[in-house]
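Engineer: Residue strings, one per chain:
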Amino acid sequence: EDKVVQSPLSLVVHEGDTVTLNCSYEVTNFRSLLWYKQEKKAPTFLFMLTSSGIEKKSGRLSSILDKKELFSILNITATQTGDSAVYLCAVEPTGNQFYFGTGTSLTVIP
Amino acid sequence: ETGVTQSPTHLIKTRGQQVTLRCSSQSGHNTVSWYQQALGQGPQFIFQYYREEENGRGNFPPRFSGLQFPNYSSELNVNALELDDSALYLCASSWGLMRDTQYFGPGTRLTVL
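These protein sequences, in sequence, are chains X and V.
Residue numbers for the first sequence follow the working numbering, so the first one is 276 and each next one is one higher.
Residue numbers for the second sequence follow the working numbering, so the first one is 851 and each next one is one higher.
Keep in mind that the hints were calculated from the coordinates and are not lab data.
Idealized CB from N, CA, C, for every residue including glycine.
Check each hint, because a few of them may be wrong.
Derived list of chain V stretches under chain X, where covered just means 3 residues or more per stretch with a C-beta under 8 Å from a C-beta of chain X [said to hold, decoys possible]: (1) 863–875; (2) 925–931.
Below, a list of computed lysine-lysine pairs in the BS3-like style, where the Cα atoms sit at most 27 Å apart [said to hold, decoys possible]: (3) K316(X) / K863(V); (4) K316(X) / K343(X); (5) K278(X) / K331(X); (6) K316(X) / K332(X); (7) K331(X) / K343(X); (8) K863(V) / K315(X).
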């Protein structure tokens, strides 16, 4: 059965800390892995990863994929209160399916 | 350029009723996907429409059905509502089938009593 597991479920850090969010997956015929940030309702796209070992970076956020070990990490450096959100990982196999994990709830305290 | 919009914002129904949720795609997008997000959970893929045809479906019963119109707006219909159907329903539009171009709407919060 295809599944996506994220850890930790929740995280509380202080401003300026660095956090690492984890996403492991088991899917048949992997195509891509995507990260989203969900602050209130609409998830917003962060990264799409298709190849192992190639880091994607946007400002203080970065992400990398390991297709051999079937996981991805999302790093956020120098966290700010505006980073508080639920971070969702989703995996797209071939065949027009799309599986989300439960998400990691990040709270950044001033 | 307008973003993805959904209506209504909130909805309360009773068990056994039927509901229709609506989604207007972002300008230029021809693909719409629908998701169900229960409280504290990640979104679950319901189905996707591409150029007015269903193009992929998640593990949802047939009482969840949809339509995509020539202007690429979309409807999600749910018949015989159950208490477990209470959730945030998100739609997302994209150009073609690439998920990285997918933009989500703000969702419709459905409560079934």
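Engineer: Hint by hint, note whether the structure agrees.
Structural biologist: Results of checking the hints against the structure:
1. Restraint check on the stretch 863–875 of chain V versus chain X: 0 residues with Cβ-Cβ distances below 8 Å, three needed, restraint violated.
2. Here's how the stretch 925–931 of chain V fares: 0 of its residues keep a CB closer than 8 Å to some CB of chain X, so the rule of at least three is not met and the hint is violated.
3. Pair hint K316(X) plus K863(V) holds up; C-alpha atoms about 21 Å apart against a cutoff of 27 Å.
4. Proposed proximity of K316(X) and K343(X) is contradicted: the alpha carbons are some 33 Å apart, above 27 Å.
5. Note on K278(X) and K331(X): the hinted pairing holds, with a Cα-Cα distance of about 23 Å set against a maximum of 27 Å.
6. In summary, the hint linking K316(X) to K332(X) is supported, as the alpha carbons are separated by about 24 Å, within the 27 Å threshold.
7. Restraint check: the Cα-Cα separation between K331(X) and K343(X) comes to about 18 Å, which is no more than 27 Å; the hinted pair holds.
8. Distance hint between K863(V) and K315(X) is fulfilled; the C-alpha atoms sit about 23 Å from each other, no more than 27 Å.
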